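Undergrad: One line per chain: the protein sequences are G and X, in this order.
The numbering of the first sequence is the working numbering, which starts it at 2 and goes up by one.
The numbering of the second sequence is the working numbering, which starts it at 37 and goes up by one.
What the hints contain is simulated information worked out from the structure, not anything from laboratory work.
As the structure is a prediction and not an experimental result, all values here were calculated from the model.
Please note that the accuracy of each hint is not assured.
[To be verified] When the alpha-carbon atoms are kept at most 25 angstroms apart in a straight line, the in silico PhoX-like pairs for lysine-lysine are as follows: (1) G/Lys246 x X/Lys260; (2) X/Lys80 x G/Lys246; (3) G/Lys176 x X/Lys57; (4) G/Lys246 x X/Lys157; (5) X/Lys157 x G/Lys253; (6) X/Lys51 x G/Lys67; (7) G/Lys93 x G/Lys203; (8) X/Lys51 x G/Lys298; (9) G/Lys246 x X/Lys51.
[As the list claims (entries may be wrong)] Partner residues aside, some chain G positions facing chain X, computed with beta carbon under 8 angstroms: (10) Ile232; (11) Ala257; (12) Arg289; (13) Leu291.
Don't be surprised by glycine CBs; every beta carbon is placed ideally from N, CA and C.
The primary structure of each chain is shown beneath.
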Amino acid sequence: MGQHTKELIKNIDYFTLSIAIVLSLIGMAMIYSCTYQTSRIFLIKQMLWFLGGLVIFLVLIMINYKKIIEWSFPVYVFSIIPLMYLLIKGKKIAGAKSWIDFGQFQVQPAEFAKIAAVILLTKYFVDKVGEKIGLKELFYAGIIIGVPVSFVVLQPDFGTALTFFPGFISLFFLKGIKAKLVFLLIIIILLSGVFMWEFVLKDYQKARIKTFIYPQSNPKAEGYHLLQSKIAIGSSGFFGKGYLKGTQTQSKFLPAQHTDFILSVLAEEFGFFGILIIFSLYLWFILRFLKISLEPKAKAGILLSFSLSSIIIFQFFINCSMLIGLFPIVGIPLPLLSYGGSSLLSTFIIIALIINIRMRKYQIF
Amino acid sequence: MEKINYSEDLTSLLKRINIVKYIVSIALLFVLIFYWKIQIVDHKNYLKLAEINRIRRVDILASRGFIYDRNGRVIVDNRPSFNLTIDRDRMSELFNYIDNLSNILEVRKKSFIDRILNSRKTPYYLPLVLKKDIPIEKVSFLEARKDEFFPLEFQIEPVRNYPFNSLAFHIFGYIGEAFPEEISKTKDIKAGSFTGKMGLEKQYDKILRGKDGWVDYAVDIKGKIIEELERKEPEKGNDLVLTIDIDLQNEVEKYLENRKGGIVLINPKNGEILAMASSPGFNPNLFVSEFSEADWRNFISDENYPFYNRVIQGQYSPGSIFKLLIALAGLQEKVINPDERISCSGSYQSGNKVFRCWKELGHGSLNLYEAIKHSCNVYFYKTGKRLGIEKIKKYAKKFGLGEYTGIDISGERAGLVPDPSWKMKYLEEPWYSGETISISIGQGYILTTPIQIVNFVSAIANRGKKIVPHVARGYYENNKFQKFYFEQNPKEIDIDKEYFEYIIDGMWGSVNDSGTGARARLSGFDVCGKTGTTQVVSKIIKDKNEFTTGITPHSWFTGFASKDNPEVAIAIIIEHAGKGGENAAPIAGKILNFYFNGAKRNAH
Numbered sequence: 002m003g004q005h006t007k008e009l010i011k012n013i014d015y016f017t018l019s020i021a022i023v024l025s026l027i028g029m030a031m032i033y034s035c036t037y038q039t040s041r042i043f044l045i046k047q048m049l050w051f052l053g054g055l056v057i058f059l060v061l062i063m064i065n066y067k068k069i070i071e072w073s074f075p076v077y078v079f080s081i082i083p084l085m086y087l088l089i090k091g092k093k094i095a096g097a098k099s100w101i102d103f104g105q106f107q108v109q110p111a112e113f114a115k116i117a118a119v120i121l122l123t124k125y126f127v128d129k130v131g132e133k134i135g136l137k138e139l140f141y142a143g144i145i146i147g148v149p150v151s152f153v154v155l156q157p158d159f160g161t162a163l164t165f166f167p168g169f170i171s172l173f174f175l176k177g178i179k180a181k182l183v184f185l186l187i188i189i190i191l192l193s194g195v196f197m198w199e200f201v202l203k204d205y206q207k208a209r210i211k212t213f214i215y216p217q218s219n220p221k222a223e224g225y226h227l228l229q230s231k232i233a234i235g236s237s238g239f240f241g242k243g244y245l246k247g248t249q250t251q252s253k254f255l256p257a258q259h260t261d262f263i264l265s266v267l268a269e270e271f272g273f274f275g276i277l278i279i280f281s282l283y284l285w286f287i288l289r290f291l292k293i294s295l296e297p298k299a300k301a302g303i304l305l306s307f308s309l310s311s312i313i314i315f316q317f318f319i320n321c322s323m324l325i326g327l328f329p330i331v332g333i334p335l336p337l338l339s340y341g342g343s344s345l346l347s348t349f350i351i352i353a354l355i356i357n358i359r360m361r362k363y364q365i366f
Numbered sequence: 037m038e039k040i041n042y043s044e045d046l047t048s049l050l051k052r053i054n055i056v057k058y059i060v061s062i063a064l065l066f067v068l069i070f071y072w073k074i075q076i077v078d079h080k081n082y083l084k085l086a087e088i089n090r091i092r093r094v095d096i097l098a099s100r101g102f103i104y105d106r107n108g109r110v111i112v113d114n115r116p117s118f119n120l121t122i123d124r125d126r127m128s129e130l131f132n133y134i135d136n137l138s139n140i141l142e143v144r145k146k147s148f149i150d151r152i153l154n155s156r157k158t159p160y161y162l163p164l165v166l167k168k169d170i171p172i173e174k175v176s177f178l179e180a181r182k183d184e185f186f187p188l189e190f191q192i193e194p195v196r197n198y199p200f201n202s203l204a205f206h207i208f209g210y211i212g213e214a215f216p217e218e219i220s221k222t223k224d225i226k227a228g229s230f231t232g233k234m235g236l237e238k239q240y241d242k243i244l245r246g247k248d249g250w251v252d253y254a255v256d257i258k259g260k261i262i263e264e265l266e267r268k269e270p271e272k273g274n275d276l277v278l279t280i281d282i283d284l285q286n287e288v289e290k291y292l293e294n295r296k297g298g299i300v301l302i303n304p305k306n307g308e309i310l311a312m313a314s315s316p317g318f319n320p321n322l323f324v325s326e327f328s329e330a331d332w333r334n335f336i337s338d339e340n341y342p343f344y345n346r347v348i349q350g351q352y353s354p355g356s357i358f359k360l361l362i363a364l365a366g367l368q369e370k371v372i373n374p375d376e377r378i379s380c381s382g383s384y385q386s387g388n389k390v391f392r393c394w395k396e397l398g399h400g401s402l403n404l405y406e407a408i409k410h411s412c413n414v415y416f417y418k419t420g421k422r423l424g425i426e427k428i429k430k431y432a433k434k435f436g437l438g439e440y441t442g443i444d445i446s447g448e449r450a451g452l453v454p455d456p457s458w459k460m461k462y463l464e465e466p467w468y469s470g471e472t473i474s475i476s477i478g479q480g481y482i483l484t485t486p487i488q489i490v491n492f493v494s495a496i497a498n499r500g501k502k503i504v505p506h507v508a509r510g511y512y513e514n515n516k517f518q519k520f521y522f523e524q525n526p527k528e529i530d531i532d533k534e535y536f537e538y539i540i541d542g543m544w545g546s547v548n549d550s551g552t553g554a555r556a557r558l559s560g561f562d563v564c565g566k567t568g569t570t571q572v573v574s575k576i577i578k579d580k581n582e583f584t585t586g587i588t589p590h591s592w593f594t595g596f597a598s599k600d601n602p603e604v605a606i607a608i609i610i611e612h613a614g615k616g617g618e619n620a621a622p623i624a625g626k627i628l629n630f631y632f633n634g635a636k637r638n639a640h
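Whole structure, please, built from the sequences with the hints as guidance.
TA: Below you can see the structure in the form of structure tokens.
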């Protein structure tokens, strides 16, 4: 083992990795709580995905992230192919063509495409020198994000489509953007919002947004999921009802409890105390990412780690906000805790890349 | 070159990332505050909602109290009803058995299918009832083949049972599912509870009803029961004890078979009703098993009014029975004296109107005793005329004629004793003196119920003490007998005692001295009585104040025995039966014979 390799291993952020593992284990415990009555297969699969995540983690930290940025275009193209395949040949599961079925395992390609898109975007901005972003950059960046997002919206998976944007926005935020362009962006967003409302969004998605804006309008149908989530969270008190004793969870009143609503389950069984713990871990986790983003000597490392961090930050905030009605319910899982292999793997890829950047923080090129 | 650019760029990048650290921390605190609000501040509300979500309360119907007759015999009780049910999760399996099942139960397949189709209306956690009240042989047949009819189960529910079927139907009444207004008014009554709808079941519903229990189940989102959380057993209602003698009741009802009318027997000393029958009747057990809407419609549109308790709801002119009141009033007001002889030529003219006696050739001259015994009309026309309508009304009121008796069965009607102010108010016409003449023999607008008549004759038998008629004696609460006090204040009527003796003598003569009530005679007992024959007057004729002879009149008899120790009073009305002396009086004789020689012997 050379001096160089020793240096790299020394700089592995074991702290971030430990938090990730702890959160994953907590997630598995909660998945067990809400699925053991019906089947243990969920827990077993999540464990396998977790192990897979660790393997991918080990592989990814060995490759210099700059190589990965260099290869980002072919990776990006490669990540879009399954999205196209899904639109043509995909089967609808839970109302959307989001999963490729491999027998026992289902893979959600959008989870990986969002990382590929963010890496390509980073590469694009790394190559741009100086100056604030102009119309041309906005256009190219828009294309990079727009292609996979359109495919995902067409699936239709509105929630996952949203997860493409934090990387995009975070890069604009870092680079700075001309005020005129901000207006343009707002207009584009509004127009595309109207377009989506009229032509793309399904009725159930519109209903969710309506419910978010007028929560009392529809307590039985769309408001129902939110209400059940709030009941689960609110009925817990400070220490919660105890592990495996959440009545909302165990009686299956909570929707999607092992996936998007896993934090409601945790809140019900471990109360506000449990929420405090999770939030502390996450805050620690996120601040650690941001700290790592401050460290690299290379611009590419800063941009990439920050844009990847923003994906995790975004998903965390959207998820924990939507469970209590601060945001519409949009099918975004809570990274590391929610059941789902693709989500878990993509989160581990992000963590691996960020740790990868930290390992090589002293490298300028 | 590039290196320099990077480092310039880097400082601004790092500043911005530092800002994000603060933004993220503040945002997280912000979200946490919302979690605090939901989990700690609003905790109680959400906990309540979680319970509502999860807990389903299933009511357990209480058994109603039994009803005993005066001799302690059970006359109303409960029996188990076996209801065939199926778990809602397994409804689809029913189609494997449906042919077989419809053969065994002799129920059309369609009725099962209809129930399954309608099952969405009932909550999922309750099993679906396929058929109620299955005969016990079929229950055991199906139970023995449990393997074949796998998902089927029996649910046992107490239902009201009337072992004597239609006997005393009008006294008991019937029960039915609670009406919405009962549910909203009384906390204990819930949807699906049973309440009394008529008769004693209604009057004493509070005592008989008992308290329904409940079970709290934890259910899952589909409404399937996961576990039982808490249970409150129902409390059986209290048992009611009646004054009715069921054997006497049975005997009495025999005489009303295929007739319309009512009979009531009462103990004049304390107001205890011994028997009360009304015809036609109905078997209340039929309400318990499934009673179709069509059955209902037929039933309530039946022009013989089987629901109608003629004893307390039938309003009839009292006819000659009212002469007893005229006599008492005449004596007390001193417009007649017992020895005064008044002549009857067969008719009496008042103004330009002629009023007839029932005996065309007239009775000649009669004293009070003879006038009552022969039920002479003219004698009472003259007495009534001397009294005037206001005094007649005053005395009728003293005896409670035209007024509620206060009997403890709901639905009593008041009847009517008219006077000029009533007529002015309701018919907007002045009172004619001829109407007073008609009223004197109990005809015209006057209406009384048999219970008023028996109460009236009881007051005579008691020599002026008025009692409250009642059918319930008390009830058992926790094995302790609680008595009702109806007879606490027998009301003294301010008429001199000696005058009652003249009237009673006349009534005795009517039965025992070849008077109109002779057929009620019972050797060995001094039966006192009075017959009545009431012209049935249609509305139009009534308005013209003329009597018709076209319709067969109602027969009345009322009386008591024995003269010196009155222990039973009776009133009988048979609709459209003809003369009271020929039709009602013989029935009274037979019933009194049973009472003194039959029922009484059996009871002891």
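Undergrad: A separate judgement is required for each hint: does it hold in the structure or not?
TA: Hint-by-hint comparison with the structure:
A threshold of 25 angstroms between alpha carbons decides the hint, and for lysine 246 of chain G with lysine 260 of chain X the separation of about 18 angstroms falls inside it, so the pair holds. Between lysine 80 of chain X and lysine 246 of chain G the alpha-carbon distance is near 18 angstroms, which keeps this suggested pair within the 25 angstroms criterion. A C-alpha spacing of about 17 angstroms is found between lysine 176 of chain G and lysine 57 of chain X, which places the hinted pair at or below 25 angstroms, so the restraint holds. Between lysine 246 of chain G and lysine 157 of chain X the CA atoms are separated by roughly 31 angstroms; this puts the pair beyond 25 angstroms, and the hint is violated.
The suggested pairing of lysine 157 of chain X with lysine 253 of chain G holds, with an alpha-carbon distance near 22 angstroms, which does not exceed 25 angstroms. At most 25 angstroms may separate the alpha-carbon atoms for a hinted pair to count; lysine 51 of chain X and lysine 67 of chain G meet this at roughly 23 angstroms. For the suggested pair lysine 93 of chain G and lysine 203 of chain G, the alpha carbons sit about 14 angstroms apart, so the restraint of at most 25 angstroms is met. A hinted pair counts as satisfied when its Cα atoms are at most 25 angstroms apart, and lysine 51 of chain X with lysine 298 of chain G qualifies at roughly 15 angstroms.
Distance hint between lysine 246 of chain G and lysine 51 of chain X is unfulfilled; the C-alpha atoms sit about 46 angstroms from each other, more than 25 angstroms. Proximity of isoleucine 232 of chain G to chain X holds as hinted, the smallest CB-CB distance being about 5 angstroms (cut-off 8 angstroms). For the restraint placing alanine 257 of chain G at the interface with chain X, the shortest Cβ-Cβ distance is roughly 13 angstroms, beyond the 8 angstroms limit, so the hint is violated. Interface restraint check: arginine 289 of chain G against chain X, minimum CB-CB distance 11 angstroms, threshold 8 angstroms, status violated.
Against a cut-off of 8 angstroms between C-beta atoms, the interface hint on leucine 291 of chain G holds, since the closest Cβ of chain X lies about 5 angstroms away.
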